[in-house]
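*Asks:* Here is how the chains run, residue by residue.
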Amino acid sequence: SAVISQKPSRDICQRGTSLTIQCQVDSQVTMMFWYRQQPGQSLTLIATANQGSEATYESGFVIDKFPISRPNLTFSTLTVSNMSPEDSSIYLCSAVGTAREETQYFGPGTRLLVL
Amino acid sequence: GENVEQHPSTLSVQEGDSAVIKCTYSDSASNYFPWYKQELGKRPQLIIDIRSNVGEKKDQRIAVTLNKTAKHFSLHITETQPEDSAVYFCAASRISRLTIDISNFGNEKLTFGTGTRLTIIP
Chain S
1 SAVISQKPSR
11 DICQRGTSLT
21 IQCQVDSQVT
31 MMFWYRQQPG
41 QSLTLIATAN
51 QGSEATYESG
61 FVIDKFPISR
71 PNLTFSTLTV
81 SNMSPEDSSI
91 YLCSAVGTAR
101 EETQYFGPGT
111 RLLVL
Chain E
1 GENVEQHPST
11 LSVQEGDSAV
21 IKCTYSDSAS
31 NYFPWYKQEL
41 GKRPQLIIDI
51 RSNVGEKKDQ
61 RIAVTLNKTA
71 KHFSLHITET
81 QPEDSAVYFC
91 AASRISRLTI
101 DISNFGNEKL
111 TFGTGTRLTI
121 IP
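Each protein sequence line maps, in turn, to chains S and E.
Last residue of the first sequence? That's 115 in my numbering, and every number before it is there in order.
Last residue of the second sequence? That's 122 in my numbering, and every number before it is there in order.
Check the hints yourself; a few may be wrong.
Derived coverage of chain S by chain E (criterion: at least 3 residues anywhere in the stretch with Cβ under 8 Å from a Cβ of chain E; other residues may be distant) [as the list claims (entries may be wrong)]:
1. 36-45
2. 102-115
Result set (DSS-like, lysine-lysine): computed pairs, CA atoms no more than 27 Å apart in a straight line [stated by the list, open to error]:
3. E:57 x E:68
4. E:58 x E:22
5. S:7 x E:71
6. E:37 x S:7
7. E:71 x E:58
8. E:22 x E:71
Source of the hints: derived by calculation from the structure; they are not laboratory data.
Heads up, the beta-carbon is just placed ideally off N, CA and C, and yes, glycines get one too.
Based on the provided sequences and hints, a complete structural model is requested.
*Replies:* Following this line, the structure appears as structure tokens:
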């Protein structure tokens, strides 16, 4: 199974600023995703992080607000830009392993509070 | 796109009794259905999954059933214990590696249900 870490684990930010969240996997993975989870709610997919190309965003999420990078098969970043209090949430990355495995593993999440 | 509904939103059972959580999905092309358990402040953890070519799967006290015709699947936990208390999420996905459908390659995104908060009463 893939082991996923995220940095930072939590942060408190001022509105109008940006925060970049890093996701590191301990092995090469085929797919990486970014989710948002509001307190007490389910997980909502933000985008699929594509290695070497632009991320694929879900409806309601745009690149200008949530730029994503994936420079290689083990690392991805999500930036939350021009933050507002409505962006306060938990952001989780996930990864799907090798070609013979469908299981999606999750990182520990980044808890973001925007004041 | 896929839509997954989950019921109930909260469930309380006496320790030792069984718990059942049900989900329905809308996309008949979905072929992979995992269940995740999320404890407070922790990441979602996969507890069991089922593929569309199987009707039932069991792992010790946990079982999942799938009815493709009705497009619903259920999680069954028997002999519940206090450590089973958590939020449980069902999900659905189209896994291209389970089929020879190259057009879906890379479309393994999960659509989650709304979650069930399970409380085991000692």
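*Asks:* Could you tell me which of the numbered hints above are not met by this structure, giving the numbers in increasing order?
*Replies:* Of the numbered hints, just 5 does not hold.
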